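Asks: This is what each chain is made of:
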Amino acid sequence: MNPTPGLQRIRRILVAVDACTHSVSALEAAVQLAAQLHAELVGLFVEDTNLLRLAALPFAREWGTTTLVRRMESTTMDRALRHQAQQMQQLLARSAAQHQVRWSFRVARGEIAAQVRQVAEEVDLVTLGINPWEYTNQLYLETATRKLLRDSLRPMLLLPQGVALQSPLICLYTGTPAAQHALELAKHLSAPHQPMTVVIASNDPQNALRLREQAAQFLAEQAVQWQHCQLTVAAILARLRLLPAGTVLLPADATSLPERERDMLLAKSQRAVIVVQ
Amino acid sequence: MTDIQPLAPARLALRIDPAQFHFTTTAELDDLTDVLGQARATEAIRFGIGIRRAGYNLFVLGSPGTGRHTVVRRFLEQQAATEAVAPDWVYVHSFVQPHRPHILQLPAGWGRRLRDDMQQLIEDLLATIPAVFESEQYRARRHELEEELKARREHAFEELRAEAENHGITLLRTPSGMAFAPTRNGEVISPEEYEKLPEADKKRTEEVIAVLEEKLERIIQQIQPWRREGLQRIHALDREVMQSAVGQLLEELHKTYHELPAVLSYLETVQQAILDNADMFRNEEEGEGVNFLGMTLRKGKDGEALQQFSVNLLIDNGDTHGAPVIAEDNPTFPALIGRIEHLAQMGTLVTDFTLIKAGALHHANGGYLVLDAMKVLMQPFAWEGLKRALRAGALHIESLGQALSLVSTVSLEPEPMPLDLKVILVGEPLLYYLLSHYDPDFAELFKVAADFSEEMPCDANGLQLYARLLATMVKREQLLPLDRTAVARTLELSARLAEDAEKLSLHMRDITDLLREADYWAHDAKHTIITREDIQRAYDAKVYRADHLRERVYAEIERGTILIDTQNTKVGQVNGLSVIGLGQFAFGYPTRITASVQLGGGEVIDIQREVELGGPIHSKGVMILEGFVGGRYAAEQPLAMSARLTFEQTYGEVEGDSASSAELYALLSALATMPIKQSLAVTGSVNQHGEIQAIGGVNEKIEGFFDICRQRGLTGEQGVLIPAANVKHLLLREDVIQACAAKQFHVYAIETIDAGIALLTGVPAGERDASGEYPQGSINQLVAARLAAMAQTAREFAQVGKDKELI
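Chains as they are written, first to last, in the working numbering: chain W, 157 to 433; chain D, 377 to 1183.
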């Protein structure tokens, strides 16, 4: 198994934030990760043009969780976005200074996925906050996130609201190239003395043995705890529930998990997940 | 002349013959197990301990040193050993009224068992409950519930979203919530594009969005009720899981305590409290933020909250045999009633039921409590607190501040403990009688008095028993044994302590001290047994240690600073005798008493009283002799004399009437102008009939005058007049007895003033003949004649005065 170029070392991390509250967790996690890896942090605030357009429509109304409804206006939305951007920048500056991390911040206006994709070309890891929607977490991830997952070549760290990066690392191994990349990244992120968990996901016991040997050979000097489960969302989620809180490394290819099921897993896991292409 | 003879030496002291003891040393004697000389008291104690009625507590009265505490404890311990062990008492938290802890009674030894069982229960729960909530089964069931509840929400939103998408509308997240927006090619339509739309399309779009928003509003309105329902169902699941876990653990306790309904009832409340407060036992929720590659911090269990399930073992009789016998040496209010302690936390004082501490009444419950009465009365509010507990038959623990309503801070009000005990107060007789007279509660609460005697008869049986008592004391104190002579001398000194040759003292403390000190001197002399000489040495050494003042007083008499005559005669002057008591030592010494007479109105002036240096009893004695004089000599004529009596060279208060006969002798001497022998000293009280009455300290007084005469040189004429009623109290020193035997000193027993004045003057007092006249030259005749002359002179002066007025 050869390490993939670009995964040798993570030098630059992108954290994409928008106007929603789940971005804060992502920003904090990105700073901590950058500090740990001595990487540079690039903050990107995207002023979603969809929101701006919506606010300009004459009938646009915003509904809160307490049925408080108010009229949306362009100037208000504009101002709110600018304010949010400032807040995020200040938060990033404060956190980065605390952790002694090099950082930069940009504001872009446009479609979220497109803007993030553009900046992602310059970095080694993309960090996003996701909010599986308090009310609708079954199948729905935000469109932007789905688009990025589909198109990005970089590993993506997805953090649900209120979840932080935690040890140990839990790597899902299916034997695919993406799974191999995930294993490499896990090895890169772990300290030798720190145990990690590898979950062999396969519906075939023989294949599972083979995959385990393969992974064990690669992780020869690493302390590993081995787990096994079926390659289904339900089985993977059930296995994760039994494991201590930790950060999951998930192969992004369809062979491992179809897109829809992958999105469901991301929406329901309630963990930090690094999706590896 | 008088024919009163001095007392024979044999009557001057108690002589106990050692030969009547049929042992060589006390080591041969059996211990005396009975209490000697206290039949009345021991009978009362038996009765008081045995009777089981309210109010039958005991007051043991007697002088210190008579063995009250020792005897009482012995009786109590004997009785208590035959009685059942008192129960254990515990305080537990009241989950219904937290500020009113419950008290539970359990059989002895079960209190600590319950405490340990509850502690174990909590530990088991702390291990079991988190495991139950972390089990796959629970997580799966909870997940199912949560998913079911989420699914309801999601379904509603998904339906709405799908419906919106069918109309080309998307549900967007906004900074503060969500909104519907028309889309084209996956993007929200721009305002410009929207404006270009036909009016009908725009209207339709807005109508659709309005309908969708109505549906969204209905869904949002449902969220809170769904959330509540979800929480209730999760709570019910938690409770069911807890019930199973807790129930199993408590089932074992129910079996253990199935015969104790109060404990079972308590366990029911515990179970309910655990179910209501499951979070106390659970781990913290997972998913809290920690540093990547850092440590995970977990919040500890709330120790204070768990404490409410502990048990305060207030009274533990698990190791006690028989009923408790408690003696509280420092009976303050909290020491008796108990107290509630507080801890200082963050600037405030906090408390809970675990800080309830037992008092002596708690410890003695089911048994006996021995208290020193004086100590109880001297402690603020201790007596009132004790009475309150005994009256109520229950013990409320509260601070003095609470009891006096001085403190209104909310504190604990522990459930009272029912009381079943006997209180034994030990005190001096004066305290008993004062309480009986002034405290109406006392007679209700302390119905049994055990009166300790100070002395016992000095008869043949008493001597033998006393010898055994000495043998018992010697063994208990691990002293050298006494030989017969030492026993005899100890008995003689015991009589001296009792101040009566027909009694033996029951002040065991003094006797014990004598034996201990004799043991010391015996060792000092390298003796292997204690002899008479060792006893005497111990006695003399103790006197010597205390008689510094006596030495100084005698020295001043010897030096002539204090004027005392011990020979020749004087008119109107007599040697009285006084006693000074300092600590445990008393000594006597002579005091000059003088009388002067003049024409007057019939008063006898007591100079001590006039200058307020005479106590009431002393003044009474002077008035009595005044009554004697008036009754004998002035029944038919006015008393035209004014007399003054005084104790010369006394500058402090004089009290007591033991010198009233001496004062009368001085007065009669002055009236009759008949001198009194200064070689004699006088002590004795006189009544209005001229009878001499008994006084106290007769031995010290005689020895005091003897010492003064001896230091000047005995003449063979010297001696002391004492009341005949005091002969039985004579226990004089050996040197005095020897001087009397050698006729160098004399002790006379006097019954009447007439006998005394005859001895003091050498002139008969005289008795009235048939015509009512006294014999010529007798003291009475001389006094009567003098008073008659004074009366005549007074009448003449009065007539002259009248004549002058007329003129």
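Careful: at least some of the hints might be erroneous.
What the hints assert, rightly or not - Capping the alpha-carbon separation at 30 angstroms, the derived lysine-lysine pairs in DSSO-like fashion look like this:
{"no.": "1", "chain 1": "D", "residue 1": "Lys763", "chain 2": "D", "residue 2": "Lys823"}
{"no.": "2", "chain 1": "D", "residue 1": "Lys579", "chain 2": "D", "residue 2": "Lys591"}
{"no.": "3", "chain 1": "D", "residue 1": "Lys751", "chain 2": "D", "residue 2": "Lys763"}
{"no.": "4", "chain 1": "D", "residue 1": "Lys823", "chain 2": "D", "residue 2": "Lys996"}
{"no.": "5", "chain 1": "D", "residue 1": "Lys578", "chain 2": "D", "residue 2": "Lys591"}
{"no.": "6", "chain 1": "D", "residue 1": "Lys579", "chain 2": "W", "residue 2": "Lys424"}
{"no.": "7", "chain 1": "D", "residue 1": "Lys823", "chain 2": "D", "residue 2": "Lys902"}
{"no.": "8", "chain 1": "D", "residue 1": "Lys946", "chain 2": "D", "residue 2": "Lys902"}
{"no.": "9", "chain 1": "W", "residue 1": "Lys303", "chain 2": "D", "residue 2": "Lys526"}
{"no.": "10", "chain 1": "W", "residue 1": "Lys303", "chain 2": "D", "residue 2": "Lys591"}
{"no.": "11", "chain 1": "D", "residue 1": "Lys591", "chain 2": "W", "residue 2": "Lys424"}
{"no.": "12", "chain 1": "W", "residue 1": "Lys343", "chain 2": "W", "residue 2": "Lys424"}
Simulated from the structure, these hints should not be mistaken for laboratory data. Nothing here was measured: the structure is a model prediction, and the numbers come from that model.
Asks: Look at each hint and say if it fits the structure.
Replies: Hints versus structure:
1. Between Lys763(D) and Lys823(D) the CA atoms are separated by roughly 13 angstroms; this keeps the pair inside 30 angstroms, and the hint holds.
2. With a CA separation close to 18 angstroms, the supplied pair Lys579(D) and Lys591(D) stays within the 30 angstroms bound.
3. The hinted pair formed by Lys751(D) and Lys763(D) meets the criterion: a straight-line CA distance of about 15 angstroms does not exceed 30 angstroms.
4. About 37 angstroms separates the Cα atoms of Lys823(D) and Lys996(D), which puts this hinted pair outside 30 angstroms; it is violated.
5. Distance check on the hinted pair: Lys578(D) and Lys591(D) sit about 20 angstroms apart at the alpha-carbon level, within 30 angstroms; holds.
6. Only pairs whose Cα atoms come within 30 angstroms are accepted, and Lys579(D) paired with Lys424(W) is rejected, the gap being roughly 39 angstroms.
7. Of the pairs offered as hints, the one joining Lys823(D) and Lys902(D) is violated, with about 53 angstroms between alpha carbons and a cut-off of 30 angstroms exceeded.
8. For the hint pairing Lys946(D) with Lys902(D), the CA-to-CA distance comes to about 54 angstroms; that exceeds 30 angstroms, so the pair is violated.
9. With a C-alpha separation of about 25 angstroms, the suggested pairing of Lys303(W) with Lys526(D) holds against the 30 angstroms cut-off.
10. Taking the CA atoms of Lys303(W) and Lys591(D), the gap is near 29 angstroms; set against the 30 angstroms cutoff, the hint holds.
11. Straight-line distance between C-alpha atoms of Lys591(D) and Lys424(W) comes to about 26 angstroms, which keeps the hinted pair within the 30 angstroms bound.
12. The hinted pair formed by Lys343(W) and Lys424(W) meets the criterion: a straight-line CA distance of about 25 angstroms does not exceed 30 angstroms.
Of the numbered hints stated above, those contradicted by the structure are hints 4, 6, 7 and 8, listed in ascending order.
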